[in-house]
Amino acid sequence: MFAQLIQDPKPINYIENPVKPAAIDGYGQLEKLASTFDHVDGLFYFTYAVCIFCFVLITGVLLFACVKYRRKTYDQPAASNVTHNTPLEVIWTVVPLIVVMVMFAWGFKGSLDMTVIPQEASRNMYKATARQWNWTFTYPNSAATSIGECWLEVNKPVGFLLESMDVLHAFFMPAMRAKRDVIPGRYQTLWFTPIEVGDYHLFCAEYCGQDHSKMYAQVHVVTAEEFIKKPWDTWPENPTPAEAAEGGKKIYKQICSSCHSLDGSKLIGPSWKGLFVKGADGTITGGQREVVVDGKKQTITVDEAYIIESVLMPDKKKAAGFENTNMAVQPIDEKRIKGIVEFMKRLEETK
Amino acid sequence: MTTNVPAVDRPLLEPAPRKTFWNCSTGFWSWAGTLDHKRIGIMYLVGVSVAFLCGGLFALLVRLHLWEPHGLLFTNEAYNQIFTLHGAFMVFLFIIPAIPASLGNLVLPLQLGAKDVALPRLNLLSFYLWVGGAVLATLSIILGGFDTGWTFYAPYSLYTDKAVVSIGLGIFLLGFSSIFTGLNFIVTTHKLRAPGLTWFRMPLFIWALYATAILQVLATPVLGITVLLVAFERLYHIGIFDPRLGGDPVLFEHFFWFYSHPAVYIMVLPAFGIISEMVTVHSRKPLFGYKLIAFSSLAIAIISFLVWGHHMFTSGQSTYALFAFSFLTFFVAIPTAIKEFSWVATVWKGSIALNSPMLYTLAFLIIFAIGGLTGVILGALNVDIHLHDTYFVVAHFHYVMMGSIALAFFAGLHHWWPKVFGVMYNETLAKIAAITIFVGFNATFIPQFIMGSRGMPRRYATYVPEYLPYHRASTIGAMIIGVGMALMLYYLVASLLQGKKAMQNQWGGVTLEWHTPTPPPLENFEKPPVMEGEVYDYSKLDLESTRTPAT
Numbered sequence: 009m010f011a012q013l014i015q016d017p018k019p020i021n022y023i024e025n026p027v028k029p030a031a032i033d034g035y036g037q038l039e040k041l042a043s044t045f046d047h048v049d050g051l052f053y054f055t056y057a058v059c060i061f062c063f064v065l066i067t068g069v070l071l072f073a074c075v076k077y078r079r080k081t082y083d084q085p086a087a088s089n090v091t092h093n094t095p096l097e098v099i100w101t102v103v104p105l106i107v108v109m110v111m112f113a114w115g116f117k118g119s120l121d122m123t124v125i126p127q128e129a130s131r132n133m134y135k136a137t138a139r140q141w142n143w144t145f146t147y148p149n150s151a152a153t154s155i156g157e158c159w160l161e162v163n164k165p166v167g168f169l170l171e172s173m174d175v176l177h178a179f180f181m182p183a184m185r186a187k188r189d190v191i192p193g194r195y196q197t198l199w200f201t202p203i204e205v206g207d208y209h210l211f212c213a214e215y216c217g218q219d220h221s222k223m224y225a226q227v228h229v230v231t232a233e234e235f236i237k238k239p240w241d242t243w244p245e246n247p248t249p250a251e252a253a254e255g256g257k258k259i260y261k262q263i264c265s266s267c268h269s270l271d272g273s274k275l276i277g278p279s280w281k282g283l284f285v286k287g288a289d290g291t292i293t294g295g296q297r298e299v300v301v302d303g304k305k306q307t308i309t310v311d312e313a314y315i316i317e318s319v320l321m322p323d324k325k326k327a328a329g330f331e332n333t334n335m336a337v338q339p340i341d342e343k344r345i346k347g348i349v350e351f352m353k354r355l356e357e358t359k
Numbered sequence: 012m013t014t015n016v017p018a019v020d021r022p023l024l025e026p027a028p029r030k031t032f033w034n035c036s037t038g039f040w041s042w043a044g045t046l047d048h049k050r051i052g053i054m055y056l057v058g059v060s061v062a063f064l065c066g067g068l069f070a071l072l073v074r075l076h077l078w079e080p081h082g083l084l085f086t087n088e089a090y091n092q093i094f095t096l097h098g099a100f101m102v103f104l105f106i107i108p109a110i111p112a113s114l115g116n117l118v119l120p121l122q123l124g125a126k127d128v129a130l131p132r133l134n135l136l137s138f139y140l141w142v143g144g145a146v147l148a149t150l151s152i153i154l155g156g157f158d159t160g161w162t163f164y165a166p167y168s169l170y171t172d173k174a175v176v177s178i179g180l181g182i183f184l185l186g187f188s189s190i191f192t193g194l195n196f197i198v199t200t201h202k203l204r205a206p207g208l209t210w211f212r213m214p215l216f217i218w219a220l221y222a223t224a225i226l227q228v229l230a231t232p233v234l235g236i237t238v239l240l241v242a243f244e245r246l247y248h249i250g251i252f253d254p255r256l257g258g259d260p261v262l263f264e265h266f267f268w269f270y271s272h273p274a275v276y277i278m279v280l281p282a283f284g285i286i287s288e289m290v291t292v293h294s295r296k297p298l299f300g301y302k303l304i305a306f307s308s309l310a311i312a313i314i315s316f317l318v319w320g321h322h323m324f325t326s327g328q329s330t331y332a333l334f335a336f337s338f339l340t341f342f343v344a345i346p347t348a349i350k351e352f353s354w355v356a357t358v359w360k361g362s363i364a365l366n367s368p369m370l371y372t373l374a375f376l377i378i379f380a381i382g383g384l385t386g387v388i389l390g391a392l393n394v395d396i397h398l399h400d401t402y403f404v405v406a407h408f409h410y411v412m413m414g415s416i417a418l419a420f421f422a423g424l425h426h427w428w429p430k431v432f433g434v435m436y437n438e439t440l441a442k443i444a445a446i447t448i449f450v451g452f453n454a455t456f457i458p459q460f461i462m463g464s465r466g467m468p469r470r471y472a473t474y475v476p477e478y479l480p481y482h483r484a485s486t487i488g489a490m491i492i493g494v495g496m497a498l499m500l501y502y503l504v505a506s507l508l509q510g511k512k513a514m515q516n517q518w519g520g521v522t523l524e525w526h527t528p529t530p531p532p533l534e535n536f537e538k539p540p541v542m543e544g545e546v547y548d549y550s551k552l553d554l555e556s557t558r559t560p561a562t
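Here the protein sequences come in this chain order: A and B.
Read in the numbering used here, the first sequence has 58 at position 50, and its numbers run on one by one without any break.
Read in the numbering used here, the second sequence has 254 at position 243, and its numbers run on one by one without any break.
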């Protein structure tokens, strides 16, 4: 039954471009902190120390007893039959109670810091849009977006308005100690202050279906001088076809590859193989594709307009065999879709 | 030539074998239609063992797949189904019924000095409901599997094209099986205690099963309602949890954890009960702080209804909700700590026999200390925001569920095995298996604590390469557990086929189940027992019975 699910020999589900986080070689058990939430580390290590102390105490007493009071003859009675010791019982009730109440107060104070958004952060509000299975970032006071990558300015409190287009996700940046569930139908918020320049992981921490583990973004924390150059706006003004195809390839990997293969194998959506074909004279022309319009099958010749329409209005002409699959409208503008088309054409050329 | 020789009357030559619940009747229907709690308990034992075996194999597949960052064996889709099957089988088919329904059924009436449970027909019905649930769960694999995680979080569970309705109905049936068992145990404990067996003379296993039964009866209906709502929403598109239809996915989380947090205690309280029995019998010393342990079970049962929100600290609850749920969560730590300290104090200055049930018990005490203490780390609000949904949580609940509950189940299984089957397994192999499982368990889950606190999210089919060493260590640990489990399966089955006779009172227990021949007759006791004196009074132990072979 699982035969069709056994993986191809080639690693198709590898996370393509993980960063080597600047902060990963930190101290201790947590990776090095890159935000101002130092109370998380403080309480973590305090609780950890208490736990290790208790653990050593319990295990030590237990193992010592096992050695000292081991039954040597089958009829050996217990060395003592004491079943109560009121002072001892009061101590082991009251002392843990005090310790956990300290932890509670410390943790609650910390969580207030993490959940109440300060004014500086609310003036620097990004929008992070989660969909199966990628992250889109909209920059503060701007319509600019980037997918799978995000740039932040160091030492400047940043807020995120989180929205989900489909199912539950969670925004999780381990180095920043920041996490928040992203819930469809409501807005969530989160903030932190990045204090170290570097590249960081952003994971989806709430299970969201097939490619949950590939729902990944790189977050680049850069200096103010670099930030002002808008490093996310990398699409050239008048790209050459080769540049456009390179950009299209990147978008394919970030967004399209979960559902569309390049080699003809069937994923959630139709493969891109054969969208464009190479004629005998070496020119690239649109291939034939069977689509369903208003419930009727028809064959069309693929061209740029068809691809643009399929990204922006996916329900209009659905590929035959995929009538019941719904593709989400993706946040890609027309110049970038043209890049994808360039990439599709080159797909044939490189063979 | 035939001569009319009278048939030899065999009973005249050798005594007839004593009638036990094993040989009192034979044939398929004598088992399938039995009302005897011991036979029902045995059938449950077989059932949950098969479920555990399946769940364990799924776990090994999960760990093998994670040997490589891009995944070794499966597509993401298949991986998601396998970890879901692992969770669902282990939680719903194994851990929840394992101790109450199998060992509880076997032991509870014996410890109470009763002939059977109060409602034997209901007992059989709850077994068949369990079977129905197991069949539906298996059916849903054939229907295409399910990939929602064992938590079935909406709205993904509403959108996925997998067989969610079938497993949902399976869980509905399993819930009723659990409710009926709980109801049965409550009535039995109230009504069928032997003369002289007052509440504070009851063995602590009974106290634990009683507290569990209250939780089963009160909390499980919420789970039943929730899975039915999911099924209705999938089939008829009624907007309850789906935001596209005006529903609220967080409502599902509240419903789900309102059951599933008490469910954690449905799983762990019986384990506490077993451990209470083990430490006293195998160190031959009355339990330290009997009443405190009994009341802490009830306290945990009550508080456990009020902490479900700690599974949802990152879901955007109000500050007041965070405050209350975190405060109460820390509060659960106190009765739990009291139990652990009392067990250690019981062992102290005892006469400690390091046999296999006791080794499993010691493993429990060490592992549960880690499981409980890491729970304290997760109770702190700000720390939990970082650790939520990472492998730290995975390791924490495996320390509690697998390391503690399953080990307590094994301790109980090894403890009552000679009583129920009348045969003894190979003790040397049993000790080796206990140590192997203990070592393998820690090798599996300590690396998960580390990678979790360094940010590795759970339920990942692929991962960034920096977590590779931890995943590999964890996979090797899982293989070691697998070896230990295989060894256990071997010597337990071997003991049934060719095991030597157990002793009448193998471990020197003094509670009522050891006051009847081994294995017990159909009616449990040859004459109705009377409880005299206090529970766990080892001065009354008849040492001869520990050296007399079972008949």
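Treat the hints as calculated values from the structure; they're not laboratory data.
In this text, all values refer to a predicted model and were calculated from it rather than measured experimentally.
Do not take every clue at face value.
For lysine to aspartate or glutamate, the following DMTMM-like pairs were computed, each having C-alpha atoms within a straight-line distance of at most 20 angstroms [what the hints assert, rightly or not]: (1) 222/A with 298/A; (2) 202/B with 79/B; (3) 117/A with 49/A; (4) 326/A with 302/A; (5) 258/A with 271/A; (6) 126/B with 553/B; (7) 173/B with 342/A; (8) 286/A with 302/A; (9) 511/B with 438/B; (10) 261/A with 241/A; (11) 80/A with 555/B; (12) 258/A with 207/A; (13) 164/A with 234/A; (14) 80/A with 259/B; (15) 274/A with 323/A; (16) 343/A with 207/A; (17) 257/A with 171/A; (18) 302/B with 311/A; (19) 261/A with 331/A; (20) 80/A with 127/B; (21) 40/A with 477/B; (22) 274/A with 172/B; (23) 135/A with 97/A; (24) 222/A with 79/B; (25) 76/A with 97/A; (26) 222/A with 161/A; (27) 237/A with 161/A; (28) 222/A with 537/B; (29) 360/B with 97/A; (30) 360/B with 342/A; (31) 551/B with 174/A; (32) 30/B with 477/B; (33) 40/A with 204/A; (34) 326/A with 289/A; (35) 173/B with 161/A; (36) 164/A with 323/A.
So, going through the hints one by one against the coordinates:
1. Among the hinted pairs, residue 222/A with residue 298/A is inconsistent with the structure: their alpha-carbon atoms are about 31 angstroms apart, more than 20 angstroms.
2. A hinted pair counts as satisfied when its Cα atoms are at most 20 angstroms apart, and residue 202/B with residue 79/B does not qualify at roughly 57 angstroms.
3. Distance restraint check for residue 117/A and residue 49/A: the Cα-Cα separation of roughly 14 angstroms lies within the 20 angstroms cut-off, and the hinted pair is therefore satisfied.
4. Straight-line distance between C-alpha atoms of residue 326/A and residue 302/A comes to about 9 angstroms, which keeps the hinted pair within the 20 angstroms bound.
5. The straight-line distance between the Cα atoms of residue 258/A and residue 271/A is roughly 17 angstroms, inside the 20 angstroms bound, and the hint therefore holds.
6. For the given pair, residue 126/B sits about 23 angstroms from residue 553/B by alpha-carbon distance, which is inconsistent with the 20 angstroms threshold.
7. At roughly 35 angstroms between alpha-carbon atoms, residue 173/B and residue 342/A are farther apart than 20 angstroms, so this suggested pair is violated.
8. Under the criterion of a C-alpha separation no larger than 20 angstroms, the hint pairing residue 286/A with residue 302/A is inconsistent with the structure, at around 31 angstroms.
9. A C-alpha spacing of about 11 angstroms is found between residue 511/B and residue 438/B, which places the hinted pair at or below 20 angstroms, so the restraint holds.
10. Restraint check for residue 261/A and residue 241/A: the C-alpha separation of about 18 angstroms stays at or below 20 angstroms, so the hint holds.
11. A C-alpha spacing of about 17 angstroms is found between residue 80/A and residue 555/B, which places the hinted pair at or below 20 angstroms, so the restraint holds.
12. Between the alpha carbons of residue 258/A and residue 207/A the distance comes to roughly 18 angstroms, so the proposed pair stays at or under 20 angstroms and holds.
13. At most 20 angstroms may separate the alpha-carbon atoms for a hinted pair to count; residue 164/A and residue 234/A meet this at roughly 14 angstroms.
14. Between residue 80/A and residue 259/B the alpha-carbon distance is near 63 angstroms, which puts this suggested pair outside the 20 angstroms criterion.
15. Of the supplied pair hints, the one linking residue 274/A and residue 323/A holds, its CA atoms being roughly 19 angstroms apart against a limit of 20 angstroms.
16. Simply put, residue 343/A and residue 207/A have alpha-carbon atoms about 28 angstroms apart, too far for the 20 angstroms limit, and the pair is violated.
17. Distance check on the hinted pair: residue 257/A and residue 171/A sit about 26 angstroms apart at the alpha-carbon level, beyond 20 angstroms; violated.
18. As the CA atoms of residue 302/B and residue 311/A are separated by approximately 80 angstroms, the hinted pair breaks the 20 angstroms bound.
19. Restraint check: the Cα-Cα separation between residue 261/A and residue 331/A comes to about 24 angstroms, which exceeds 20 angstroms; the hinted pair is violated.
20. At roughly 38 angstroms between alpha-carbon atoms, residue 80/A and residue 127/B are farther apart than 20 angstroms, so this suggested pair is violated.
21. The suggested pairing of residue 40/A with residue 477/B holds, with an alpha-carbon distance near 14 angstroms, which does not exceed 20 angstroms.
22. At roughly 17 angstroms between alpha-carbon atoms, residue 274/A and residue 172/B fall within 20 angstroms of each other, so this suggested pair holds.
23. Simply put, residue 135/A and residue 97/A have alpha-carbon atoms about 53 angstroms apart, too far for the 20 angstroms limit, and the pair is violated.
24. Taken as a hint, the residue 222/A and residue 79/B pair is honoured in the structure, with Cα atoms around 15 angstroms apart against an allowance of 20 angstroms.
25. Of the pairs offered as hints, the one joining residue 76/A and residue 97/A is violated, with about 23 angstroms between alpha carbons and a cut-off of 20 angstroms exceeded.
26. Simply put, residue 222/A and residue 161/A have alpha-carbon atoms about 25 angstroms apart, too far for the 20 angstroms limit, and the pair is violated.
27. Restraint check for residue 237/A and residue 161/A: the C-alpha separation of about 11 angstroms stays at or below 20 angstroms, so the hint holds.
28. Restraint check: the Cα-Cα separation between residue 222/A and residue 537/B comes to about 65 angstroms, which exceeds 20 angstroms; the hinted pair is violated.
29. In summary, the hint linking residue 360/B to residue 97/A is supported, as the alpha carbons are separated by about 17 angstroms, within the 20 angstroms threshold.
30. Between the alpha carbons of residue 360/B and residue 342/A the distance comes to roughly 79 angstroms, so the proposed pair goes past 20 angstroms and is violated.
31. Among the hinted pairs, residue 551/B with residue 174/A is inconsistent with the structure: their alpha-carbon atoms are about 67 angstroms apart, more than 20 angstroms.
32. At most 20 angstroms may separate the alpha-carbon atoms for a hinted pair to count; residue 30/B and residue 477/B exceed this at roughly 63 angstroms.
33. About 10 angstroms separates the Cα atoms of residue 40/A and residue 204/A, which keeps this hinted pair within 20 angstroms; it holds.
34. At roughly 31 angstroms between alpha-carbon atoms, residue 326/A and residue 289/A are farther apart than 20 angstroms, so this suggested pair is violated.
35. About 43 angstroms separates the Cα atoms of residue 173/B and residue 161/A, which puts this hinted pair outside 20 angstroms; it is violated.
36. For the proposed pair residue 164/A and residue 323/A, the alpha carbon gap of about 42 angstroms is over 20 angstroms, so the pair is violated.
In summary, the structure is inconsistent with hints 1, 2, 6, 7, 8, 14, 16, 17, 18, 19, 20, 23, 25, 26, 28, 30, 31, 32, 34, 35 and 36 from the numbered list given earlier, while agreeing with the others.
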